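Participant: Chain by chain, the residues run as shown.
Protein chains: 2
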Amino acid sequence: MGDYQRQAAVFRAFCDENRLRILEMLRCGEMCACKLLENLDIGQSTLSHHMKILCDAGVVVSRADGKWTHYRISEEGAARAADLLKTYTAIHADPSAGACCGD
Amino acid sequence: MGDYQRQAAVFRAFCDENRLRILEMLRCGEMCACKLLENLDIGQSTLSHHMKILCDAGVVVSRADGKWTHYRISEEGAARAADLLKTYTAIHADPSAGACCGD
DNA sequence: GCAACATATTGACAAATATCGATATGAACG
DNA sequence: CGTTCATATCGATATTTGTCAATATGTTGC
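Residue numbers (numbering that gives the first Met the number 0), protein chains in the order written: chain X, 0 to 102; chain B, 0 to 102.
For the record, the hints were derived by calculation from the structure and aren't laboratory data. Take the hints with a grain of salt, since some may be wrong.
Said to hold, decoys possible - Some chain B residues judged to face chain X by a derived CB distance under 7 Å, without partners named:
1. F10
2. F13
3. L22
What the hints assert, rightly or not - Computed far set for chain B versus chain X, every beta-carbon distance over 10 Å:
4. D40
5. I41
6. G42
7. Q43
8. S44
9. H49
10. K51
11. S61
12. R62
13. D64
Since the model is a prediction, treat every value here as computed from it, not as a measurement. C-beta atoms are modelled at their ideal positions from N, C-alpha and C, and glycine is treated no differently.
Please take these sequences and the hints and turn them into a complete structure.
Facilitator: Okay, here's the thing in structure tokens:
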């Protein structure tokens with residue numbers, strides 16, 4: 000998987016309505032899957048699928064505790080996502096300098 | 000379209016490999032569609048499709064100039080996207096205060 | 001060990017998305 | 001006006017994604 004593909008995957012974590020709902024809940028702190036499930040209108044396997052996408056993107060981390068799995072937002076992952084967004088939207092300081100983007 | 004859906008659409012702008020390539024090019028400043036097309040391995044109609052998604056998300060703005068269309072990153076749109084990302088990842092200051100997330 | 005429970009994985013399917021080629025729109029220029 | 005050129009839109013198709021039901025995995029407590 001190329002760099003663009005991998006970075007797109009980070010943003011893809013934020014592309015789904017239910018994943019945004021999940022992130023919003025996790026802003027309050029750690030939460031277990033069953034608690035998240037209570038507040039969403041999806042099945043258990045679907046939640047598990049979304050949590051995997053969020054974790055794979057590095058935006059959320061999980062902690063196993065007996066039969067429960069607790070999830071929380073990764074501050075590092077969130078910072079990395081924010082940096083990445085900036086990387087793709089911050090306008091270069093001096094476009095007139097030429098030698099920009101390999102021209 | 001609900002709020003979550005609309006906000007997911009902003010992030011969706013960043014979810015595609017080719018759109019990330021496009022944004023990277025636009026960081027150098029305004030660029031016309033034909034110039035973008037030269038540096039991508041996609042057809043013209045596909046580029047047009049991607050530009051529509053980027054513009055609809057507010058991340059890119061277009062400027063018509065005769066038969067050409069010039070695109071550039073919207074600094075306001077980029078800032079809005081960054082704020083939105085923060086909205087979904089910043090951890091609440093005082094979770095112990097209760098009354099968090101409508102509990 | 002076994003029953004109950006929480007979560008993950010699998011397989012199937014519908015909906016959304018990226019892509020293309022063909023065609024439409026609309027500007028510039030003779 | 002008709003031709004050329006740049007971009008947008010349309011229709012079709014392959015791929016990806018979100019969803020579910022069913023099943024598997026792994027933990028707890030009897």
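Participant: All the hints need checking, so say for each whether the structure fits it.
Facilitator: Do the hints match the structure? See the list:
The interface hint given for F10/B is met, as the beta carbon of that residue sits about 4 Å from the closest beta carbon of chain X, less than 7 Å. The restraint placing F13/B at the interface with chain X holds, with a minimum CB-CB distance near 4 Å, inside the 7 Å limit. For L22/B, the shortest C-beta to C-beta distance to chain X is roughly 4 Å, which falls under 7 Å, so the interface hint holds. Taking the minimum C-beta to C-beta distance to chain X, about 12 Å, the non-interface status of D40/B holds against the 10 Å cut.
Every CB of chain X lies more than 10 Å from the CB of I41/B, the least distance being 13 Å, so the non-interface label holds. Every CB of chain X is more than 10 Å from the CB of G42/B (nearest about 18 Å), matching its label as outside the interface. In this structure Q43/B is separated from chain X by more than 10 Å, as the shortest Cβ-Cβ distance comes to about 21 Å. Look at S44/B: its CB is around 21 Å from the nearest CB on chain X, clear of 10 Å, so calling it non-interface holds up.
No beta-carbon of chain X is positioned within 10 Å of the beta-carbon of H49/B; the least distance is around 12 Å. Listed as outside the interface, K51/B is consistent with that label: its C-beta sits roughly 17 Å from the nearest C-beta of chain X, beyond the 10 Å cut-off. Listed as outside the interface, S61/B is consistent with that label: its C-beta sits roughly 16 Å from the nearest C-beta of chain X, beyond the 10 Å cut-off. Every Cβ of chain X is farther than 10 Å from the Cβ of R62/B; the closest lies at roughly 15 Å, confirming the non-interface assignment.
With a closest Cβ-Cβ approach of about 18 Å to chain X, D64/B is found to remain outside the 10 Å limit, as its non-interface label requires.
Of the hints listed earlier, there is not a single one the structure fails to meet.
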